[in-house]
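Chains A and B, in that order, give the protein sequences. Each number in this note's numbering corresponds to the 1-based position in the first sequence with 45 added. Each number in this note's numbering corresponds to the 1-based position in the second sequence with 1181 added.
Because the hints were derived from the structure by calculation, they are not lab data. One should not assume that every hint holds.
Derived, one-sided and incomplete: chain A residues facing chain B with beta-carbon distance under 8 angstroms [stated by the list, open to error]: (1) H90; (2) V91; (3) A93; (4) A250; (5) S254; (6) T284; (7) H358; (8) S372; (9) G391; (10) I392; (11) T421; (12) Y432; (13) K438; (14) L442; (15) S444; (16) A521.
Keeping only pairs whose Cα atoms sit at most 20 angstroms apart, straight-line, the calculated DMTMM-like set for lysine to aspartate or glutamate is [unchecked claim]: (17) K472(A) - E1205(B); (18) K281(A) - D1246(B); (19) K139(A) - D1246(B); (20) K281(A) - D149(A).
Owing to the predicted nature of the structure, the values given are computational and were not obtained by experimental measurement. We treat Cβ as the ideally placed atom computed from N, Cα and C, and that holds for glycine.
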Amino acid sequence: MSWIRKTAAELADALAAGEVTSVELTQAHLDRIAAVDGAVHAFLHVDAEGALAQAAASDARRAAGAPASALDGVPIAVKDVMVTEGLPTTCGSKILEGWIPPYDATVVTRLREAGLPILGKTNMDEFAMGSSTEHSAYGATHNPWDLDRIPGGSGGGSAAAVAAFEAPLAIGTDTGGSIRQPGAVTGTVGVKPTYGGVSRYGLVALASSLDQAGPVTRTVLDSALLHEIIGGHDPKDSTSVDQPLPALVEAARLGAGGDLSGLRVGVITELSRHEGGQGGWQPGVMTRFQESVDLLVKAGAEVVEVSCPHFVHALAAYYLILPAEASSNLAKFDAMRYGLRVVPEGIDNPSAEDVMRATRDAGFGDEVKRRIILGTYALSSGYYDAYYGQAQKVRTLISRDFEAAFEKADVLVSPTAPTTAFKLGEKLDDPIAMYLNDLATIPANLAGVPGISVPSGLADEDGLPAGIQILAPALADDRLYRVGAALEAALLEQWGGPLLDKAPTLEGGAR
Amino acid sequence: MPDITRDEVAHLADLARIDLDDAELDHLAPQLSVILESVASISAVASDDIPPTSHALPLTNVFRDDVVVPCLTPEQALSGAPAVEQQRFAVPRILGDEQ
Chain A
46 MSWIRKTAAE
56 LADALAAGEV
66 TSVELTQAHL
76 DRIAAVDGAV
86 HAFLHVDAEG
96 ALAQAAASDA
106 RRAAGAPASA
116 LDGVPIAVKD
126 VMVTEGLPTT
136 CGSKILEGWI
146 PPYDATVVTR
156 LREAGLPILG
166 KTNMDEFAMG
176 SSTEHSAYGA
186 THNPWDLDRI
196 PGGSGGGSAA
206 AVAAFEAPLA
216 IGTDTGGSIR
226 QPGAVTGTVG
236 VKPTYGGVSR
246 YGLVALASSL
256 DQAGPVTRTV
266 LDSALLHEII
276 GGHDPKDSTS
286 VDQPLPALVE
296 AARLGAGGDL
306 SGLRVGVITE
316 LSRHEGGQGG
326 WQPGVMTRFQ
336 ESVDLLVKAG
346 AEVVEVSCPH
356 FVHALAAYYL
366 ILPAEASSNL
376 AKFDAMRYGL
386 RVVPEGIDNP
396 SAEDVMRATR
406 DAGFGDEVKR
416 RIILGTYALS
426 SGYYDAYYGQ
436 AQKVRTLISR
446 DFEAAFEKAD
456 VLVSPTAPTT
466 AFKLGEKLDD
476 PIAMYLNDLA
486 TIPANLAGVP
496 GISVPSGLAD
506 EDGLPAGIQI
516 LAPALADDRL
526 YRVGAALEAA
536 LLEQWGGPLL
546 DKAPTLEGGA
556 R
Chain B
1182 MPDITRDEVA
1192 HLADLARIDL
1202 DDAELDHLAP
1212 QLSVILESVA
1222 SISAVASDDI
1232 PPTSHALPLT
1242 NVFRDDVVVP
1252 CLTPEQALSG
1262 APAVEQQRFA
1272 VPRILGDEQ
């Protein structure tokens, strides 16, 4: 089997055993990117030279007997919303086209310190606003399972890169599901850590009270390994949790043993009934979900049904809170200090404000404009109490729902997304249909609790991947890994190998 | 809940410093109405005694020691600027003729 199809954990072992060098691994992934990314378009920028130099440095460290971390030498892709010194960072927007940040995000600093060569920057919906990667100003990413379909979003580039074996690992960010939903529709694993568990320093903010960076991988163990490298307190982020991370890799290894005796799993009523609910749950997604729940029972878990009655209002609360925060965060793109500057035509001696208006019109796409205007509206005097104020109260009610649910269960489960990947273009100009993709993932962001999406199989109707979401209380991220690894082990046995073995190989698939 | 008119969208875009042309207003205004309709249900959900949550974690102020730490050099800070003059960001005029 070629190196690119191995897990990050296997690659780390092979590097440690001297069976392969980081330069060879990095080159193998660069070759794969060259072969398939014309069709997939997961990357906005590939840094072959930089990645190979970092790989050579990793090999030198290993030769000297001093690897920097468990994943030293294993290459990685980074979502283009993380600033990278010397590498372009666009956030999928024209307003940042060609911008080269003068500093690294803390996540990137930690990756560099741990010795992971950075292959490049991955595609995303503009400023992470979207569920399909179609809102990227640089063209959509294509789902490796079916190139005519969406890879999810906003982190469709990271998920597709991992699913297409262009990278063994990637970094994503999740504000309302942007790590977990792409994971579900590409048959990969994605983790949104507890809010504050991974530093936001250098993450270009969408909604500061919701944003959280996390791992995008093909296995649960790989996510745990990566999470331990990027997670933990950072004094540069005042919302960073000042506590040590739980033992995540240990939890994943324990879970892979398959014994969940004594664990209480809560099935969220409001997110697991397809009749009469919001969003139109696809039957094949529900069937795979129910089978996964049955496997948890078989592993010894006790299943209880829990009701979270306010979750039905989560989507509405989110689409008031997020635009409000986004309209404020995106005010910094003012054409004065970095990024695009457009001087309007037909105005004599235009003012800074004229330039700002013209630049923001030319530099922002439709979805960004929609949300900035919506946020400006929600924060207007006269509407503030009715919209933003109410949304903040609903946020309290959703947190209380979680608290009550976690008294009855150690983890909660639901399908990650209501459907499998839809066709590119299908929902592009229908914002509400697009927003409904994140129905199940949004409550975790509003409450700050951690969640993981694990592949649950292929839906019968279309043969496309579906995902199951596992949620844990804040700071108990280790539970995600224990339960996720146990389920993954049981499913792998059932499938007779990784789900991605069933995906098209994409060889000779360049468009 | 009020419907959002085309004029209101134009006003909001103005507040948000985005020049929208007529075609964009025609396109975006009806979509914003639909979005607002779909979130309008929120006004009836929570009673007055429910406290608002602005942040997922119970954090208050976070302080650090008042010591100098490394930061960007002027060259780094100006490296992405559209225009630079005398080691400063050069911007278009900021005052109107009457000012």
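Evaluation of the provided hints:
no.	hint	result
1	H90	violated (16 angstroms)
2	V91	violated (21 angstroms)
3	A93	violated (23 angstroms)
4	A250	violated (14 angstroms)
5	S254	holds (5 angstroms)
6	T284	holds (6 angstroms)
7	H358	holds (5 angstroms)
8	S372	holds (6 angstroms)
9	G391	violated (12 angstroms)
10	I392	violated (10 angstroms)
11	T421	holds (5 angstroms)
12	Y432	holds (7 angstroms)
13	K438	holds (4 angstroms)
14	L442	holds (6 angstroms)
15	S444	holds (6 angstroms)
16	A521	violated (14 angstroms)
17	K472(A) - E1205(B)	holds (19 angstroms)
18	K281(A) - D1246(B)	holds (13 angstroms)
19	K139(A) - D1246(B)	violated (39 angstroms)
20	K281(A) - D149(A)	holds (12 angstroms)
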